[in-house]
Each structure stands twice: as structure tokens, then as C-alpha cells.
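Enquirer: Given the structure of chain X, go ahead and fit chain Y onto it with the hints provided.
Sequences listed follow chains X and Y, in order.
Following numbering that gives the first Met the number 0, the numbering of the first sequence begins with 0 at its first residue and continues without gaps.
Following numbering that gives the first Met the number 0, the numbering of the second sequence begins with 0 at its first residue and continues without gaps.
No lab work stands behind these hints, which were simulated from the structure alone.
Where is the CB? At the ideal position from N, CA and C, for every residue including glycine.
Just to be clear, a hint being listed does not mean it is correct.
Dumping the calculated DSBU-like pairs for lysine-lysine here, alpha-carbon to alpha-carbon at most 35 Å [claimed, not checked]:
| # | chain 1 | residue 1 | chain 2 | residue 2 |
| --- | --- | --- | --- | --- |
| 1 | X | K88 | Y | K29 |
| 2 | X | K70 | Y | K68 |
| 3 | X | K8 | Y | K47 |
| 4 | Y | K68 | X | K132 |
| 5 | Y | K64 | X | K112 |
| 6 | Y | K64 | X | K88 |
| 7 | X | K88 | X | K132 |
| 8 | Y | K68 | X | K88 |
| 9 | Y | K68 | X | K131 |
| 10 | X | K132 | Y | K98 |
| 11 | Y | K98 | X | K135 |
| 12 | Y | K47 | X | K135 |
| 13 | X | K88 | Y | K98 |
| 14 | X | K132 | X | K2 |
Counterexamples of contact, computed for chain Y against chain X with all Cβ distances above 10 Å [unchecked claim]:
| # | residue |
| --- | --- |
| 15 | D44 |
| 16 | A54 |
| 17 | D81 |
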Amino acid sequence: MDKLDILAKTENLDTVIDFVNQHLEGTGCPMKIQMQIDIAVEEIFVNIANYAYGSGEGPATVRVQTDDEGKMVDITFIDNGVPYDPLAKDDPDITLSAQDRQIGGLGIFMVKKSMDDVIYEYRDGHNILTLKKGLK
Amino acid sequence: MTVNVNYENQIANMQVEGRVDTTTAPDLEKEINAATEKAEVVNLDCSKLIYISSAGLRVLLSAHKAMAKKGGRFELTNVGEDIMEIFSITGFSRILNIK
Numbered sequence: 000m001d002k003l004d005i006l007a008k009t010e011n012l013d014t015v016i017d018f019v020n021q022h023l024e025g026t027g028c029p030m031k032i033q034m035q036i037d038i039a040v041e042e043i044f045v046n047i048a049n050y051a052y053g054s055g056e057g058p059a060t061v062r063v064q065t066d067d068e069g070k071m072v073d074i075t076f077i078d079n080g081v082p083y084d085p086l087a088k089d090d091p092d093i094t095l096s097a098q099d100r101q102i103g104g105l106g107i108f109m110v111k112k113s114m115d116d117v118i119y120e121y122r123d124g125h126n127i128l129t130l131k132k133g134l135k
Numbered sequence: 000m001t002v003n004v005n006y007e008n009q010i011a012n013m014q015v016e017g018r019v020d021t022t023t024a025p026d027l028e029k030e031i032n033a034a035t036e037k038a039e040v041v042n043l044d045c046s047k048l049i050y051i052s053s054a055g056l057r058v059l060l061s062a063h064k065a066m067a068k069k070g071g072r073f074e075l076t077n078v079g080e081d082i083m084e085i086f087s088i089t090g091f092s093r094i095l096n097i098k
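Bound-form chain X, shown alone (with noise of 0.2 Å):
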């Protein structure tokens, strides 16, 4: 298990993007699966520096766990925010010409639809949210 402790703000992002990457080289997951755990971590690390804090700034923890065979990786977020659980909010409506399409709502469907499970919990004071990807 790998653990990063860092200052949840966007300018952290390629710092946390790559240690998720070093975490992943190695178990031969293929380019696209890489692209869409990416895209996960960015946009939960992302929402945790946008508004987990209010208008202050706060700690993150990422935990990246992979399976012994290497074939499952677990990217868990904690942070000490404001209790809020992005999987509440209803999915956008992708059905919509472009001139209704709302422009947020995005990045949270994304991660639903390309991971294989998401959980939000919020214990002791944390938010605690785990994406689980298979990576074959």
C-alpha cells in the first residue's frame, strides 16, 4: 500500500496523478484503464480542492492499494471537510441537446460510469471515498 498526505489544492493534481502512475507501472494495466483512473483521481481530487474546505484550504490523504495478483486496484481519498457525498447528486441528463446540456455534473458521472465501484462513506470526521478498478 502507497500513501500520499498532501495540501488538497488543484495545484497538486500532476503531483498525486503521478503517484497513482508509479503505483500502476508495473502491473501492465493497458493505456486505456490508466486514462480512466486518471481522469477518476482528478476529478475526486479535484471536487476534495474545490470544496471540501470552503473557501480554505485543507489536507487529503490518497491510499492506492493493488490486489497481490495485480489485478484490482483500490484508490481510497480522505479528507477532513465538510461531510459531503459526491455520489448523492443525480447523474446529468446525457440526452439533452447541446444548448440544455448543463456544463457541471460531469466529472462525478464520469467517474461512476468508468469505474467498477465507487463508495462514499463519512466516518470520525472524514470523508472517505474509494474507487475499485479492475486493471486487466
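Expert: Only chain Y this time, still in chain X's reference frame:
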């Protein structure tokens, strides 16, 4: 991420290379906004686009709307398979002009 733009009469030929994410999307937005103001047709070559998150999708949707509003056209060309899947998942493949 890098963006190249060539103007040819009323057509802006753009090419985006690399990753369009939260950090780089504002740069793409600046270039696309300039193009949508000047040109009647904006063509974005995506052959070297390897990554796009929701921040980038927002830029594409705004460009599409801006061109539609002024009676112009925003087109994407040479969209790779992995990027196309993102467009499909998000419904963008039905909204955007993808050639």
C-alpha cells in the same frame, strides 16, 4: 499540453497535443475562445490528444455552443478510440460534430 492554431480565411485549424485536464484546460479555453470569435469554422484536430477530463469537456461544449450561436461550426477530427469512449459515456458523441 500544447495548442497550435492556423487561420485560413474564415477557418481556424487547431491541433491539441497532450493532456487536457484541470490545470491545462484554461489554456485550451483561451485559444479556442480566440478562434471561435474570429472564425466561422473551428476545426480541432484531436489526433495527439491523449487525455481529457471534465474540465476539458466543458471547454469543448462551450466552444460548440459559441459557434452554434453565431451560426458557425465547431468540428473535431481524428478522435482516437479511447477519447471517443469518453465522448460516448458522457453523451458528447451525439452533441459534438465529430468527423
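Enquirer: Compare the structure with each hint and give your call.
Expert: Evaluation of the provided hints:
1. A distance of roughly 30 Å separates the Cα atoms of K88(X) and K29(Y); the hinted pair therefore holds under the 35 Å criterion.
2. For the hint pairing K70(X) with K68(Y), the CA-to-CA distance comes to about 47 Å; that exceeds 35 Å, so the pair is violated.
3. With a CA separation close to 28 Å, the supplied pair K8(X) and K47(Y) stays within the 35 Å bound.
4. A hinted pair counts as satisfied when its Cα atoms are at most 35 Å apart, and K68(Y) with K132(X) does not qualify at roughly 40 Å.
5. Straight-line distance between C-alpha atoms of K64(Y) and K112(X) comes to about 25 Å, which keeps the hinted pair within the 35 Å bound.
6. Taking the CA atoms of K64(Y) and K88(X), the gap is near 25 Å; set against the 35 Å cutoff, the hint holds.
7. A C-alpha spacing of about 21 Å is found between K88(X) and K132(X), which places the hinted pair at or below 35 Å, so the restraint holds.
8. Of the supplied pair hints, the one linking K68(Y) and K88(X) holds, its CA atoms being roughly 30 Å apart against a limit of 35 Å.
9. Under the criterion of a C-alpha separation no larger than 35 Å, the hint pairing K68(Y) with K131(X) is inconsistent with the structure, at around 41 Å.
10. Proposed proximity of K132(X) and K98(Y) is supported: the alpha carbons are some 31 Å apart, at most 35 Å.
11. Restraint check for K98(Y) and K135(X): satisfied, since their Cα atoms lie roughly 31 Å apart, inside the 35 Å limit.
12. Of the supplied pair hints, the one linking K47(Y) and K135(X) holds, its CA atoms being roughly 25 Å apart against a limit of 35 Å.
13. Of the pairs offered as hints, the one joining K88(X) and K98(Y) holds, with about 33 Å between alpha carbons and a cut-off of 35 Å not exceeded.
14. Proximity of K132(X) to K2(X) is assessed by CA-CA distance (about 18 Å); at most 35 Å being required, the pair is judged to hold.
15. Every Cβ of chain X is farther than 10 Å from the Cβ of D44(Y); the closest lies at roughly 19 Å, confirming the non-interface assignment.
16. Not every beta carbon of chain X lies more than 10 Å from that of A54(Y), the smallest distance being close to 8 Å; the non-interface claim is violated.
17. A Cβ of chain X approaches the Cβ of D81(Y) within 10 Å, the least distance being about 5 Å, so the stated non-interface status is violated.
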